[in-house]
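A.B. asks: Given next are the chains, with one letter for each unit.
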Amino acid sequence: MRYPFPVGKSDFIQGDEAIARAAILAGCRFYAGYPITPASEIFEAMALYMPLVDGVSIQMEDELASIAAIIGASWAGAKAMTATSGPGFSLMMENLGYAIMTETPIVVVDVQRSGPSTGQPTLAAQGDVMQAIWGTHGDHSLIVLTPATVQEAFDMTIRAFNLAEKYRTPVILLTDAEVGHMREKVDIPNPEDIELVYRKLPANEEEAKYPFGDIHGDLIPPMPIFGKGYRTYVTGLTHDEKGRPKTVDAEIHRKLIERIVNKIEKNKKDIIDYETFELDDAEVAIISYGIVARSAVRAVKILRSEGIKAGLLKLNVVWPFDFDMIERIAEQVHAIYVPEMNLGQLYHLVKEGANGKARVDLIPKIGGEVHTPQEIVREVKKCECGV
Amino acid sequence: MRFKLSYEIRDKYLRKDMLPTIFCPGCGIGSVLQYTLRAIDELGWSKDEVVWVSGIGCSSRVPGFVDFDGLHTTHGRALAFATGIKMANPDLKVIAFMGDGDTAAIGGNHFIHAIRRNLDVTVILINNFTYGMTGGQVAPTTLKGLRGTTAPYGSFENPFDIAELAVAAGANYVARWTVFNYVQGINSIKKALQKKGFSLVEFLSPCPISFGRRNRMKTAPELIKWYNKITVPISKAKNMSPEELKDKIVIGEFVDRDRPSLNEEYEEYKKRAKKMMGWEE
Ligand SMILES: Cc1ncc(C[n+]2csc(CCOP(=O)(O)OP(=O)(O)O)c2C)c(N)n1
Ligand code: SF4
Numbered sequence: 001m002r003y004p005f006p007v008g009k010s011d012f013i014q015g016d017e018a019i020a021r022a023a024i025l026a027g028c029r030f031y032a033g034y035p036i037t038p039a040s041e042i043f044e045a046m047a048l049y050m051p052l053v054d055g056v057s058i059q060m061e062d063e064l065a066s067i068a069a070i071i072g073a074s075w076a077g078a079k080a081m082t083a084t085s086g087p088g089f090s091l092m093m094e095n096l097g098y099a100i101m102t103e104t105p106i107v108v109v110d111v112q113r114s115g116p117s118t119g120q121p122t123l124a125a126q127g128d129v130m131q132a133i134w135g136t137h138g139d140h141s142l143i144v145l146t147p148a149t150v151q152e153a154f155d156m157t158i159r160a161f162n163l164a165e166k167y168r169t170p171v172i173l174l175t176d177a178e179v180g181h182m183r184e185k186v187d188i189p190n191p192e193d194i195e196l197v198y199r200k201l202p203a204n205e206e207e208a209k210y211p212f213g214d215i216h217g218d219l220i221p222p223m224p225i226f227g228k229g230y231r232t233y234v235t236g237l238t239h240d241e242k243g244r245p246k247t248v249d250a251e252i253h254r255k256l257i258e259r260i261v262n263k264i265e266k267n268k269k270d271i272i273d274y275e276t277f278e279l280d281d282a283e284v285a286i287i288s289y290g291i292v293a294r295s296a297v298r299a300v301k302i303l304r305s306e307g308i309k310a311g312l313l314k315l316n317v318v319w320p321f322d323f324d325m326i327e328r329i330a331e332q333v334h335a336i337y338v339p340e341m342n343l344g345q346l347y348h349l350v351k352e353g354a355n356g357k358a359r360v361d362l363i364p365k366i367g368g369e370v371h372t373p374q375e376i377v378r379e380v381k382k383c384e385c386g387v
Numbered sequence: 001m002r003f004k005l006s007y008e009i010r011d012k013y014l015r016k017d018m019l020p021t022i023f024c025p026g027c028g029i030g031s032v033l034q035y036t037l038r039a040i041d042e043l044g045w046s047k048d049e050v051v052w053v054s055g056i057g058c059s060s061r062v063p064g065f066v067d068f069d070g071l072h073t074t075h076g077r078a079l080a081f082a083t084g085i086k087m088a089n090p091d092l093k094v095i096a097f098m099g100d101g102d103t104a105a106i107g108g109n110h111f112i113h114a115i116r117r118n119l120d121v122t123v124i125l126i127n128n129f130t131y132g133m134t135g136g137q138v139a140p141t142t143l144k145g146l147r148g149t150t151a152p153y154g155s156f157e158n159p160f161d162i163a164e165l166a167v168a169a170g171a172n173y174v175a176r177w178t179v180f181n182y183v184q185g186i187n188s189i190k191k192a193l194q195k196k197g198f199s200l201v202e203f204l205s206p207c208p209i210s211f212g213r214r215n216r217m218k219t220a221p222e223l224i225k226w227y228n229k230i231t232v233p234i235s236k237a238k239n240m241s242p243e244e245l246k247d248k249i250v251i252g253e254f255v256d257r258d259r260p261s262l263n264e265e266y267e268e269y270k271k272r273a274k275k276m277m278g279w280e281e
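Residue numbers (our numbering), protein chains in the order written: chain A, 1 to 387; chain B, 1 to 281.
Be aware that a few hints might be false.
Cut-off 27 Å, straight-line C-alpha distance, at most; resulting in silico cross-link-like pairs (DSS-like, lysine-lysine) [said to hold, decoys possible]: (1) K47/B <-> K228/A; (2) K242/A <-> K228/A; (3) K195/B <-> K271/B; (4) K275/B <-> K9/A; (5) K274/B <-> K9/A; (6) K12/B <-> K209/A; (7) K200/A <-> K263/A; (8) K16/B <-> K242/A; (9) K228/A <-> K195/B; (10) K248/B <-> K144/B; (11) K200/A <-> K268/A; (12) K209/A <-> K16/B; (13) K228/A <-> K12/B; (14) K200/A <-> K266/A; (15) K16/B <-> K228/A; (16) K47/B <-> K209/A; (17) K166/A <-> K255/A; (18) K144/B <-> K218/B; (19) K309/A <-> K381/A; (20) K242/A <-> K12/B; (21) K47/B <-> K4/B; (22) K190/B <-> K47/B; (23) K228/A <-> K196/B; (24) K190/B <-> K228/A; (25) K16/B <-> K246/A; (26) K47/B <-> K200/A; (27) K209/A <-> K228/A.
Because the hints were derived from the structure by calculation, they are not lab data.
Model the full assembly from the supplied sequences, consistent with the hints where possible.
C.D. replies: Right under this line is the structure:
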């Protein structure tokens, strides 16, 4: 197959562009979107590439329609993606819940900008962490990935599709204006070297009768896509294993929602991804994700050079969340710092994970700029002086 | 037209394990469903090639009762979901079953844009002048002066004429009937289904429970009598003055044309893209 961009070599491209190229290499053949800074370049790249690879790129009337269209496309058998930023992401929340409830594999990219409301359209922020995890109503789970570099934006986009297909769930690629607009060198592998995952289809008529049943015991039902003769009914109402609405039966609701949550929760080990830096003998830990983690690496180096035993945990996945790992770190260090481009979001999860075993301090920054390493160092040292 | 017996249609197309339906006695949705199934039956379409899509409301529960692939989505968004289905797999035939609130209020924007694009979908619209499922609030179709729970003194807003809206937005086929115009209704659905691009068949459909009761029409026959009074066939309407047409609803076939559909346009677009990139001659 012919690709409209170079493969098997490196290129110097923007984060948004990297996401678009990775999506196409991951097999995405349906893109629906609505323009918004700083995510528009993803759409523009998809608009350029999709017709050439016989895929669809369509500009919908708004973000509600965009996510709706990709869910429809997914049930018609396509790997599908949309991308947006804060205000558009807010509009997607109802249908994001629909995708969770109907176990539809989709990828939603949120290139975060500063909010609330239209806020600072061109400046980066990390203010959508809680919205990504808990923005839609009701009990649920999903997967949220957080790239820090353009290469990671590329790699994690492919991973996002693979996880969506594997777990039959929406996956959110939660990046920000900084990563989205920054240009860096990206290694683009040969397509045949990329490992791709495809949704599990029903093996036979019998399996197809239970599009929402745990027939393989792995909590993930095979997905009977439309037009294959299985005649599946899909509803956002609480439904039984066959997909029939059952809206007042507590037991059926509990069983369905627990399975949807557990298929993520019980596979945490497979999904969660993180990196550590100088953490083994650390006495203070920095926990960070996305663009800020890059400043945090430098901050650790500076702190070490000044005799403070600092270490970094960089989260590549912020949901599902490994509360136990945070507790283990909290048992080892006496303080954890969470630098974030917001007034405290991941901080709350870390604090819960630390479980009182260590002090947890937020290092907030808002207004559109990334923490400098010195700012992180200064905050850590302010507290560490008395130690 | 030779009519098959209703039970033949029922046995062939309904999901037995989903019955009974949720519809109230006297509700018109079941009739419109029957017309749609009869149209499909007469066209000889296979159950495996048709997808039914809907939003939220009484009307939107229809895809649950038929033995086809079906996507029961969120309130007002059926056509946005349908866009994804049809564009991702153009071989599928897509029917959207929608309520008037679903279509023209919360879904108004998706509705006009699906028509503008000429999306290849047939909308079967249940216009009962009210929000049935939520218990009789006024809808964007409620005629002035009629009552709903959110306008207990009679609606004070101007209603939408959804069929006219669809014509203006560019639909390829638009017809409106009442549920007792069944022969015309079935014929229109057949035409609509065969049409490429956007087609709409609107039915004025009795909702005695949420709507009729509040407007001194407690039963379906009373509502049907009222439809008789307020509707005028399009041929007759042509010779009527605006004053005479005030408070009347025109029924009949509004438009039948063949503008290129979204899928056809996209096929051309792909070719153009490859040509412009020098990938193809
Ligand atoms: C976002 C959202 N808002 C409101 C509702 C509540 N709701 C359910 S059905 C309905 C109206 C249905 O009326 P209509 O579309 O005319 O269909 P009918 O029930 O009359 O067939 C409303 C407002 C909802 N489900 N979702
Ligand atoms: S409330 Fe009205 S529209 Fe809904 S099922 Fe009853 S009669 Fe039909």
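A.B. asks: Against this structure, judge whether each hint is valid.
C.D. replies: Verification of the supplied hints:
no., hint, in the structure
1, K47/B <-> K228/A, "holds, 10 Å"
2, K242/A <-> K228/A, "holds, 17 Å"
3, K195/B <-> K271/B, "holds, 24 Å"
4, K275/B <-> K9/A, "holds, 26 Å"
5, K274/B <-> K9/A, "holds, 23 Å"
6, K12/B <-> K209/A, "holds, 18 Å"
7, K200/A <-> K263/A, "holds, 14 Å"
8, K16/B <-> K242/A, "holds, 13 Å"
9, K228/A <-> K195/B, "holds, 23 Å"
10, K248/B <-> K144/B, "holds, 12 Å"
11, K200/A <-> K268/A, "holds, 19 Å"
12, K209/A <-> K16/B, "holds, 14 Å"
13, K228/A <-> K12/B, "holds, 19 Å"
14, K200/A <-> K266/A, "holds, 18 Å"
15, K16/B <-> K228/A, "holds, 21 Å"
16, K47/B <-> K209/A, "holds, 16 Å"
17, K166/A <-> K255/A, "holds, 21 Å"
18, K144/B <-> K218/B, "holds, 19 Å"
19, K309/A <-> K381/A, "holds, 11 Å"
20, K242/A <-> K12/B, "holds, 20 Å"
21, K47/B <-> K4/B, "holds, 18 Å"
22, K190/B <-> K47/B, "holds, 15 Å"
23, K228/A <-> K196/B, "holds, 22 Å"
24, K190/B <-> K228/A, "holds, 24 Å"
25, K16/B <-> K246/A, "holds, 16 Å"
26, K47/B <-> K200/A, "holds, 23 Å"
27, K209/A <-> K228/A, "holds, 13 Å"
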